[in-house]
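76 is the number of the first residue of the sequence shown in the numbering used here; add one for each residue after it.
Calculated directly from the structure, the hints in this document are not laboratory data. Here the structure is a predicted model, which means the values were calculated and not measured. Beta carbons: idealized from backbone N, C-alpha and C, even for Gly. Some clues are possibly wrong.
[Said to hold, decoys possible] Here are the computed distance ranges between Cβ atoms for each label pair:
id: 1; residue 1: HIS165; residue 2: GLN101; range: 27 to 37 angstroms
id: 2; residue 1: ASP214; residue 2: ALA161; range: 33 to 43 angstroms
id: 3; residue 1: ASP164; residue 2: SER210; range: 33 to 43 angstroms
id: 4; residue 1: TRP211; residue 2: LEU163; range: 34 to 44 angstroms
id: 5; residue 1: THR154; residue 2: ALA228; range: 19 to 29 angstroms
id: 6; residue 1: PRO96; residue 2: LEU208; range: 18 to 28 angstroms
id: 7; residue 1: THR131; residue 2: GLU103; range: 19 to 29 angstroms
id: 8; residue 1: PHE148; residue 2: SER203; range: 19 to 29 angstroms
id: 9; residue 1: THR197; residue 2: PHE148; range: 14 to 24 angstroms
id: 10; residue 1: PHE148; residue 2: SER212; range: 27 to 37 angstroms
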Amino acid sequence: MTPSTAPDRRDSSRDIGGRDPITRVQRELLTLGRRGTARVRREDEALSVVDRSLLTYIQENPGCRAIDIATHFQLNRSTVSRQLAALLDHGYVASDEETARRSRGIALRLTPAGSAAFDRSTRTVLDSVARRLASWSEDDLEAFARMLERYNAEPDE
76 MTPSTAPDRR DSSRDIGGRD PITRVQRELL TLGRRGTARV RREDEALSVV
126 DRSLLTYIQE NPGCRAIDIA THFQLNRSTV SRQLAALLDH GYVASDEETA
176 RRSRGIALRL TPAGSAAFDR STRTVLDSVA RRLASWSEDD LEAFARMLER
226 YNAEPDE
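Build the full structure now, drawing on both the sequences and the hints.
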């Protein structure tokens, strides 16, 4: 199929309950997210999915600011500020006030307690994912990882 004859993947008149591949992908992503939330509740995990996403970003981008997080996740700054306030209150994240005096925004970093909580949570999540994927071949795992990376690399409109 050439690009000019390929179906328009942005078409919003999809069969919502049907077998359309885009509908199926959306449904499976929704299920994935809901299962992650249920796992956190079931295992009495200290960190929510939201907490983990923020801590992951801060760990991978030390010195980032709330606006960087808001931009990355396409959230309102007030939403991110509220979520960060909880992590600051728990002592999982610290801010570098000195940076704020020299530039716009406060640089964020994980505290030792935040790193420990993040590591525990990550082990729990990885164990859960590994169990679900135990029967998959290495080639299937590689293909799945590449597809998810490609999906998440696509910019939103």
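Outcome of range test on Cβ distance (THR154, ALA228; 19 to 29 angstroms) = holds (23 angstroms)
Could you see if the CB distance from PHE148 to SER212 stays within 27 to 37 angstroms?
-> holds (32 angstroms)
Okay, THR131 versus GLU103 on CB: inside 19 to 29 angstroms?
-> With Cβ atoms ~21 angstroms apart, the hint holds.
Take the C-beta atom of ASP164 and the C-beta atom of SER210, compute their distance, and say whether it sits inside 33 to 43 angstroms.
-> holds (42 angstroms)
Outcome of range test on Cβ distance (ASP214, ALA161; 33 to 43 angstroms) = holds (41 angstroms)
Pairwise beta carbon distance, HIS165 to GLN101, judged against the given window 27 to 37 angstroms | holds (33 angstroms)
Holds or violated: 18 to 28 angstroms for the Cβ distance of PRO96 and LEU208?
-> holds (21 angstroms)
Beta-carbon spacing of PHE148 to SER203 - inside the hinted bounds 19 to 29 angstroms or not = holds (22 angstroms)
Could you see if the CB distance from TRP211 to LEU163 stays within 34 to 44 angstroms?
-> holds (39 angstroms)
Do the Cβ positions of THR197 and PHE148 conform to the proposed distance bound of 14 to 24 angstroms?
-> holds (18 angstroms)
Checked against the numbered hints given earlier, this structure breaks none of them.
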